Every structure is written in C-alpha cells, then in structure tokens.
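K.L.:
Chains as they are written, first to last, in our numbering: chain L, 1 to 587; chain B, 1 to 587.
Quick caveat, the hints were computed from the structure, so don't treat them as lab data. The hints are all genuine.
Note: identical chains are not told apart, hence a pair may lie in one copy or across any two.
No farther apart than 30 Å at their CA atoms in a straight line, the calculated lysine-lysine pairs in the DSBU-like style are these: (1) Lys261 with Lys150; (2) Lys491 with Lys108; (3) Lys497 with Lys127; (4) Lys264 with Lys150; (5) Lys412 with Lys365; (6) Lys491 with Lys143; (7) Lys491 with Lys140.
Since the structure is predicted, the reported quantities are computational estimates derived from the model, not experimental observations.
There are 2 protein chains.
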Amino acid sequence: MQRTHYCDDLTEQQIGETITLQGWVQKRRDLGGLIFVDVRDRSGIVQAVFNPAISSEALAIADKLRNEFVIEMTGKVIERQEQQKNANMKTGAIEIQVENLIIVNEAKNPPFIIEDDTDVGEEIRLKYRYLDLRRPQLAKTFKMRSDITKTVRNFLDTEGFLEVETPILTKSTPEGARDYLVPSRVHEGEFYALPQSPQLFKQMLMVSGFDRYYQIARCFRDEDLRADRQPEFTQIDMEMSFMSIEDIIELNERLMKKVMKDVKGIDVEIPFKRLPYDEAMARFGSDKPDTRFGLELIDASEVVKDSAFKVFAGAVENGGQVKLINVKGAADGYSRKDIDALGEFASRYGAKGLAWLKVDAEGLKGPIAKFFEGDAGNSLKTIANAEAGDLLLFVADKRNVVADALGALRSKLGKDQGLIDETQFNFLWVTDWPLFEYDEEDERYYAAHHPFTMPSDVEELVSSPQTVKAQAYDLVLNGYELGGGSLRIYKRDVQEKMFKALGFSEEQAREQFGFLLDAFDYGTPPHGGIAFGLDRIVMLLSGSTNLRDTIAFPKTASASCLLTSAPDQVDDAQLAELGIRIAAKKA
Amino acid sequence: MQRTHYCDDLTEQQIGETITLQGWVQKRRDLGGLIFVDVRDRSGIVQAVFNPAISSEALAIADKLRNEFVIEMTGKVIERQEQQKNANMKTGAIEIQVENLIIVNEAKNPPFIIEDDTDVGEEIRLKYRYLDLRRPQLAKTFKMRSDITKTVRNFLDTEGFLEVETPILTKSTPEGARDYLVPSRVHEGEFYALPQSPQLFKQMLMVSGFDRYYQIARCFRDEDLRADRQPEFTQIDMEMSFMSIEDIIELNERLMKKVMKDVKGIDVEIPFKRLPYDEAMARFGSDKPDTRFGLELIDASEVVKDSAFKVFAGAVENGGQVKLINVKGAADGYSRKDIDALGEFASRYGAKGLAWLKVDAEGLKGPIAKFFEGDAGNSLKTIANAEAGDLLLFVADKRNVVADALGALRSKLGKDQGLIDETQFNFLWVTDWPLFEYDEEDERYYAAHHPFTMPSDVEELVSSPQTVKAQAYDLVLNGYELGGGSLRIYKRDVQEKMFKALGFSEEQAREQFGFLLDAFDYGTPPHGGIAFGLDRIVMLLSGSTNLRDTIAFPKTASASCLLTSAPDQVDDAQLAELGIRIAAKKA
Numbered sequence: 001m002q003r004t005h006y007c008d009d010l011t012e013q014q015i016g017e018t019i020t021l022q023g024w025v026q027k028r029r030d031l032g033g034l035i036f037v038d039v040r041d042r043s044g045i046v047q048a049v050f051n052p053a054i055s056s057e058a059l060a061i062a063d064k065l066r067n068e069f070v071i072e073m074t075g076k077v078i079e080r081q082e083q084q085k086n087a088n089m090k091t092g093a094i095e096i097q098v099e100n101l102i103i104v105n106e107a108k109n110p111p112f113i114i115e116d117d118t119d120v121g122e123e124i125r126l127k128y129r130y131l132d133l134r135r136p137q138l139a140k141t142f143k144m145r146s147d148i149t150k151t152v153r154n155f156l157d158t159e160g161f162l163e164v165e166t167p168i169l170t171k172s173t174p175e176g177a178r179d180y181l182v183p184s185r186v187h188e189g190e191f192y193a194l195p196q197s198p199q200l201f202k203q204m205l206m207v208s209g210f211d212r213y214y215q216i217a218r219c220f221r222d223e224d225l226r227a228d229r230q231p232e233f234t235q236i237d238m239e240m241s242f243m244s245i246e247d248i249i250e251l252n253e254r255l256m257k258k259v260m261k262d263v264k265g266i267d268v269e270i271p272f273k274r275l276p277y278d279e280a281m282a283r284f285g286s287d288k289p290d291t292r293f294g295l296e297l298i299d300a301s302e303v304v305k306d307s308a309f310k311v312f313a314g315a316v317e318n319g320g321q322v323k324l325i326n327v328k329g330a331a332d333g334y335s336r337k338d339i340d341a342l343g344e345f346a347s348r349y350g351a352k353g354l355a356w357l358k359v360d361a362e363g364l365k366g367p368i369a370k371f372f373e374g375d376a377g378n379s380l381k382t383i384a385n386a387e388a389g390d391l392l393l394f395v396a397d398k399r400n401v402v403a404d405a406l407g408a409l410r411s412k413l414g415k416d417q418g419l420i421d422e423t424q425f426n427f428l429w430v431t432d433w434p435l436f437e438y439d440e441e442d443e444r445y446y447a448a449h450h451p452f453t454m455p456s457d458v459e460e461l462v463s464s465p466q467t468v469k470a471q472a473y474d475l476v477l478n479g480y481e482l483g484g485g486s487l488r489i490y491k492r493d494v495q496e497k498m499f500k501a502l503g504f505s506e507e508q509a510r511e512q513f514g515f516l517l518d519a520f521d522y523g524t525p526p527h528g529g530i531a532f533g534l535d536r537i538v539m540l541l542s543g544s545t546n547l548r549d550t551i552a553f554p555k556t557a558s559a560s561c562l563l564t565s566a567p568d569q570v571d572d573a574q575l576a577e578l579g580i581r582i583a584a585k586k587a
Numbered sequence: 001m002q003r004t005h006y007c008d009d010l011t012e013q014q015i016g017e018t019i020t021l022q023g024w025v026q027k028r029r030d031l032g033g034l035i036f037v038d039v040r041d042r043s044g045i046v047q048a049v050f051n052p053a054i055s056s057e058a059l060a061i062a063d064k065l066r067n068e069f070v071i072e073m074t075g076k077v078i079e080r081q082e083q084q085k086n087a088n089m090k091t092g093a094i095e096i097q098v099e100n101l102i103i104v105n106e107a108k109n110p111p112f113i114i115e116d117d118t119d120v121g122e123e124i125r126l127k128y129r130y131l132d133l134r135r136p137q138l139a140k141t142f143k144m145r146s147d148i149t150k151t152v153r154n155f156l157d158t159e160g161f162l163e164v165e166t167p168i169l170t171k172s173t174p175e176g177a178r179d180y181l182v183p184s185r186v187h188e189g190e191f192y193a194l195p196q197s198p199q200l201f202k203q204m205l206m207v208s209g210f211d212r213y214y215q216i217a218r219c220f221r222d223e224d225l226r227a228d229r230q231p232e233f234t235q236i237d238m239e240m241s242f243m244s245i246e247d248i249i250e251l252n253e254r255l256m257k258k259v260m261k262d263v264k265g266i267d268v269e270i271p272f273k274r275l276p277y278d279e280a281m282a283r284f285g286s287d288k289p290d291t292r293f294g295l296e297l298i299d300a301s302e303v304v305k306d307s308a309f310k311v312f313a314g315a316v317e318n319g320g321q322v323k324l325i326n327v328k329g330a331a332d333g334y335s336r337k338d339i340d341a342l343g344e345f346a347s348r349y350g351a352k353g354l355a356w357l358k359v360d361a362e363g364l365k366g367p368i369a370k371f372f373e374g375d376a377g378n379s380l381k382t383i384a385n386a387e388a389g390d391l392l393l394f395v396a397d398k399r400n401v402v403a404d405a406l407g408a409l410r411s412k413l414g415k416d417q418g419l420i421d422e423t424q425f426n427f428l429w430v431t432d433w434p435l436f437e438y439d440e441e442d443e444r445y446y447a448a449h450h451p452f453t454m455p456s457d458v459e460e461l462v463s464s465p466q467t468v469k470a471q472a473y474d475l476v477l478n479g480y481e482l483g484g485g486s487l488r489i490y491k492r493d494v495q496e497k498m499f500k501a502l503g504f505s506e507e508q509a510r511e512q513f514g515f516l517l518d519a520f521d522y523g524t525p526p527h528g529g530i531a532f533g534l535d536r537i538v539m540l541l542s543g544s545t546n547l548r549d550t551i552a553f554p555k556t557a558s559a560s561c562l563l564t565s566a567p568d569q570v571d572d573a574q575l576a577e578l579g580i581r582i583a584a585k586k587a
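Looking at chain L on its own, in the form it has when it is part of the complex:
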C-alpha cells in the first residue's frame, strides 16, 4: 500500500474517496461494537472507525491495536454524524471507514503519554527524544525551523548571496569563548578547534571577491550553559562587500520582514526602530531592551545628589547614579514583604538595596519619605511623572550595577504586571556600541564584539579606547538578542592598531592572525556582515521559552546527550593513536 494522503489533508472535500494512511495509533476507544482509532502522522490526527458491517477482518486486527502501533489502512472518507463533529480539530468533520488494516510494527507502552501537555520531566523526554519529537507541538516547531531557513535561503539567493561552507576543523584562537578542541592524529600534540563562528573564513571570502556570502553555520562554544545556550548552535551567517551600515541594515530588515510574513503571517513595519547603546542602557538598563512596555529607568541623580539620604547622595558623589522605575498604580498592590522580595531579586544583580517610595494624594510615603519632603519630593515626583497610587523603586550604585539591577527588575515587573503584549514583535537595532570593554581583573581591554570590528574613528582607537565606538549593530527582538554584526577592519595598519590596543605583541598578532594581516595586503574590499542565532529565532517565533525545544537532539545543561550518552569513554587504543592521555582527575 502507498500513502495517498497525510492525516491532516483530509477534510469534507475527500468525502467518498478511498484513501490510504500510514501512521501511529494515538488513541483507541471501543464503543458499541465499533472501534475508534485516532491515527497520527507528522501532519496531524484523523479518526478511523472500524465497523463489523464494513470489515470484520479489519475490526479483528483493530482489536489488537495499542497506543503507538505503526499501522497502514485503506478506507473511505465519510462524514461524521452531526453530533460527533469536532470543530476544534482540522479533520473533525470526517472519519475514515476502514476496509483494510495492517499492523506494520508493534509498540510497547511508551514511558510517557505522547501529547503536548505532558508533565513528564525533561530528562525522560530527552532520553526518549524520538518519542518526545512525536508531540505535535515539537513537530510543528521543526516544520517552522525548516520554513525559516527556507525563507532565509530564498531571500538571500534572490539578493545575490552565495552559500559557502566553511571548515568545522579549524584553528584555536584565544580571544573569545572557550574552544572545543580536537586532537590531531597526524600531527601529534596539535589540535584543531571547532569554530565559534565562521568569522575569519567569511572575511577571507570577501578578500576573494565572493562579494556576498551566507551560510546556515554550526558554531561551538565550550561555555557553562545557561537556559538559552547550547554547546553547538546554528547561525544565519552572512558577509558582504562594498556595503555601508545602512545598506546592511536595510537588507536585513527586508529579510526579517519576509521571515515574519512567510512564517508567522505577520506584517512588521520597516525600518525598525534604532537605539544607540548608551541610550538603551540609560532608558532600559539593558543592551537588548524589550520595548513592548514602558517602565523606563529615570535618572534621579541630579535631583537627589544633595539629599539628606546619604545612600543616594553618596552614590552620586562616588561617581555612581541613582535611578528609579515608576510602577504606575502599583502602590497598593505591593506590600512591604512584596517589595522586600523585589529587593532580594535586585540584589542578585549586584544592588546593595532597593529603596522605594509610594505616592498618595498627600505626598510620598515609606521609610525614606522623610528625606523627600517639600521641594525635593516634588522634584522627584516631577521627573518620575508620579501620581497618587504609583510605586517608585530606586537603585543607587555604580552605573553598571544600577543598569543591571533596574534592567532586570524592569523585565520582571513587565511580566508580573502583565504589561507585555505577547502578540507584538518589537524589532530594534542597537547601534553605536563601545569598541572595547575593560576587564578589571585582567587589567586589559577586550573587544566588545570581536577584534575585527571597525572603530568609528581610527585615531580614537589609539588615543581614547575607553570611549571609541564600534561600527556595530545588534538586532533585538522582544528583549532577546537575535544577532549582531559590524563593519570590519580591512586595512592592515588599522588591524595592527587594534591588536596592539588589545595588548597583543606583534609576535602574538602574527602567530594568531598572520594570515588575516597578510590578506589585507593583497586587495581587500571594505566589508561587513551579521550573524543571527537561528535557534533563538525559532524559539521566539514558535512561542517557546526553551531553546532545547528548537533543536532536534539538544544537550543538557551539563552538555550531555541523554539519548546517545555522549560524551562517553573511549578505547585506550583510540587515545593512543591520538597521542593523548587522560590526566589525573581534578579534585
């Protein structure tokens, strides 16, 4: 027998047709001498009915069916009785009157029920990933993932991009995250590294004149994993020559618009909004702000710097800031205990405390209200745009602590207060990034993006590393970084200055990146690019909050594959061939 339709294809249109299905038993019910079976395939579910008046043979076989048996059946599409129709189901108006049934393969009772609303733990789901992936929700997510890459490819193809594959076995570079290493059998004592991104290769392709490159590229980082990190992840990676930031942004806006339209059926408006990095940090305490709601950070430093409340005045005096969030109308909703909980939350982001004021008709209330009577209080109310019923939350600290703590608090309050319109997709470019970040511990600058990013001003790169900007841009969606990019350095002397600013000796620069410096000698065009996290895009567009739900065979937080038990021990002979040994275990 050969399948004529997927389950979900069947509607009233096929009534009267004889069709063949291949799928799994989702559920079986015996009712009044009939057997009803929900048949599932990757498209969805349709109901089959076994009737002794049609085929007692098929009914007898159906009597053996259990959940997850693999079956083939031929039968006629018939209309359900009116009261049996199920409007919530795409195929709910019809059923299959089965004439012939074959059990293709049997199944043991699965370790969990294969339905979207499974409450089984994720460990079991990952161990039996092949069953987990049968859940309609996950099947839909992977269809969406496939659709997104298809749209991206077609769009970039139309725009003249060439898909090029870059190596997975490449060279370790100490800048950036920790590399996964691969011992070489041929070159004993030497190692390949898995790429953290195809950055240098795509730049080489620009030197080669490929002009426009893209790749759906696998990338690797051996970092401790958070909920939204995986050891291997996929980037929509592109690079283009002779284009300005404006050109690159414009092209990628059209790309995202098309993805949203094709995949979600949503028209997003372009051009997207833009925020300089400094403004994003000032207003939202985040370099990837969720702009679906307000609760912006308000700088009260000027107003409180002479306050009798020493915590505030002291913070400003020490070069820090005092900022607040006005939670409109929340004064009554938050008890002292609730606010203490918020303070505990803020402290996780480094805040030493969370000061607060409630606004009522008479004025400001709360433990620190006494410091803000009269003019001081009025000034505060003015800048906070405060009215009776509002709750003002303050953090006074170093600039970055204020941003981190209030930024996180803002996100939490946005959710808690139900301020977020989940149907909205707010794309936002964050621009004018700092070129460097200073690491206090290492006492050196690190590249905020990577060491190949074009500075806004070459002179400043040398003279003023603490303030020089990068010609870089990140795309943010609803508080998540979708990806980022930059114009790249394409002249040798600028790249050499960059390495010097990062503390590389000439020898180190040559050792690590000699081929890049050399390439700049032979006619390198101006170029730039961008990379988007595909897994994260799928997560946001599928409405999931779990990155693992977007990856067919993901790893756990300890970078294990529970299905195959990777990583695992290997034969000593394999290690001997590679010329490596396992060191004594760390304590």
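Dock chain B against chain L, hints included.
P.N.:
Quick look at chain B alone, frame taken from chain L:
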C-alpha cells in the same frame, strides 16, 4: 558610490548608460596616452578605458593602479571599435569610459598571477587560498556548488522533506572509520565524536514520525587521505519512511535529473540503468564501473582450465579465475615494453603477472601463444570476440585480485585509448550488494554498508552470512560512487541478529546501540535512505579532478589547513581544563 552592475552584466544593451562598478584590477595596459584596465569581480571581467579627453583626473589615478588594487569607478558604457571587439569575452563588445575612479584599497604584487592557467604549486595556492579563490574557474565552481544545493533543497522541499540539523558533537562508535574525538571539559575523561554520518539520528527522526528528512550534512573521518578524500566532507543526506527501494530510487532519479538539467543544462534519461553487484564485478571488475566505454572483462576460466599453460590451469584449479580484456586493434600499438609497463601497473593491484596474446591473421602471437594453438586458441578467440589486430590481456589469480587488477587496467586503458566520451554522464545503480565482508585478518564479518542495513532475508542473515544480500543501492556516475543507501532494519530482533552476526556480545550491542534497540520497541516505521557526496558531485559536474577545488578551505593530504595553520599547538591551560595531556611522542 553604489554598484549598479556586476562586470559580466554589461553588454551592448547598456551602451550609453552610466554605471558604477566595484572590483579588482585584473590587468592594466598603457597605450597611446590611454590606460586600459581589465576590471574583475565575481561575475567576470570588463574593460575600462581612461581617456584624458574624458577625465584627466581619473587618468591620473589610473596611472597608480597595479594588479589586484580594489577600485570603484563610474563611467559610460560605450561600444568598442570594431577591430577591438573580443568575441571570446562576454563583455567583449563594449568598454567603460571612466569618468570617476577611486582606489579603495591597494595591493602588493600577489605571489602568483590570478588566472585560471596558473602553474604555481598547490601548496602556495592553499596558503594564499583567498587569492586562489579569485581565479574565475574556482569562483565558477563555488557558484555551481551553491546552485546544486539550491536545486536539491528546492526539489526535496517540493517532495515534502523537512530539513533537520543533527548534532556534530556526538558519540563515538567503533564500527566504521576512525572517529575524530573531542574531549569533554565537564565530563573529565570522556569524549564526544564528530559524526561520520547522521545515520542514527536520521533513523531516530523516522522513529519520531518526521516521515521525510534531509540535511546537507557535514561529516568527518579521521582516515589517511587519498586524492578524493577530505577529513570533513559534505553529504546530501536523506531518510524516508514507508517507502520501497523502488520508491527511493525513483525519487532520487528525478532529483539527479533535475540537478543535471538545472546546473548543466543536460537532459539525462531516467530510469537509470541498474547492475547487480555481482554482475558489475564480473563485467567491469569494479563496484562503481565507468560504463562510458566497453573493454569488459571476459571470463576465460572455462576455456583455459585444462590448458598446458600451468599458470592459467593452476589458478582455476585453486578456485581462482582467468579473465581477459580484449583491447580492440591495439596489437600494433603496444610494444613488449609497453605491455611490461601495463604488467607493472596491474601488479600494484595485486596481480602476479599480466599474460598477453596478440591476434593476427594467422592466429595468436606472444610468449604464451604456444599453449593456445588449434582448438584452445579458437575457443579463446571466440569468447574474446577477437579479430586480427586485437591485444588480449589476462590476469589469472584469486577472484578479487582478478577483479581489482583488470578493473584498474580497464580504467587505465579506457583513458589511454581515448575511449571515454567526456560529455557523457552515465548514471548507474549498483544493487544487490553483499550484506557482509569477511575480514581475514580479524577473522570476522564486517557490515559492507553499515550494521543497520536490512538483509534481503533474515533467516539467511544467520544461516548464510557469506551469501546474504543487503537491501542496498549505490549510485555511480562515470566510475565514481556518488552515494549509497539502503532500507534499514526496523525491528529489534533483526537488529539483534545483525549485531550477533557482527560478533557483538549482547552487552556490547546494548552499550553502543542500546538507544536504537530501545527505539525499535516503541513503534518504528519501515524506513530507508541515501546519502550523496556533495563534494564529489561538484567535482564531476564542474569537470575538475581535484576534490580540493570543490571545497572553499580544504585540507592537505596530511589534514592541515595551510591558510590558518590548523591544527596547531594550544595552551597548556586549555589542555589542563580538558583534563588531558599530550603523551610522549611516538618514535
């Protein structure tokens, strides 16, 4: 300035238009006060002319141009003077009268001239790969590679295949080639392996009901490299449920037909020819025969088994074979010395000698002719279809040596004799493979394809491993294996029998493939698949003979990347974190 056209877009159609180009200086010629510059971009080349009557400024800048400078120019498309037209060049009827020129980046004199007919060694080309990739021939190859994957994707998409990414960090399995290993930092003493193919994951997707899967998948093998092997390579990988061999073959024939049409403009006829493995070996001495020419192997065993020539009679007596190739009309062309050279060639494939006979009007000539006078000679001439002027070449040995030696000799003679029509694309399915290969050294069977291949007969799998066939099929093109596949085992008991036949203990089977066996318990559909070597397809379709020309950043025969110097030494701190040490160097 923004590019208005790629160089190759410009023809007589644009005459009179003002256009802007961005590209590289391919060549500069000064002639009668004018400067001519060939401008190159990824599309091709167009000629620009600098004329003091048009812009003395542009001319002055043009005077500084050297090869490989990056330039932008604006000018008018004009018709060339009649005698200047170059019919061999797509843009040969026009030139650009430049009004404005900018030098975007300078270039040192490259280490080799960037032209297709470069005679510089491959080492230099790989070290400066970014310059090598500027050669039009390579640029064209990568355009073709991109086009092939596009066609494949679009076709499979239309056929309902879902693209799914499978892990690169996975588990080492001892069957098959040598794995690349990746030490785990989190799980000290344990290793991931890079996949040799996504085999088990794609089977898991079938268990999940994904029904039709594909991926352009990176695969890895740590094997000693031959000319047509790379440590990392790319497969067009697919798997499908509920399909027969006929279904799978038919679908892939349509795929290949479409690739040939879209990429080469060639209509290939489907269905492709098919040859059972045994017949391929018998007639061509190869499991991937080039069927563009004859020179088939002829079995003379029966005719010579009682011959007085003991080498022939002895070979047959010992269970071996005597086979010949009739090189039509080659008797005069091959001196004794030439034939000795062929014998030397055959000996590389294990043949102990190459016997020969020349045919002339009187009969057979040559050192062994005396053994084949009268009837014996006539019988030989009959089975060899020999006429005066033919050269008969014999190998007498064990069956596999005869096949290897004469198969290789056949390929060589096909080329040497100019028998191969290079414009022909002969696709061929090789079917009915043996399920096992017996390894004399290890004294055990190995899976000829892989241990997941469905046997033609489950009973025979146990009772007759030496003759049982695999439900497998390889696609061959012009003597190269493009790829292969099989129906897979989908029942636990069959898979267990397979592992047993391969000498696995129950514990080993469970340790290595427990998750696969378990999966078969939960409702696994019948499924099968195929994988094609993309690099090889690109090589054959681009007419190259060097696999490295199809990979943007390939590795050398010692698995090094000469551009980035990978693999390389890494910091001791990196190894310490991974819990491994470098063993003492092997002698």
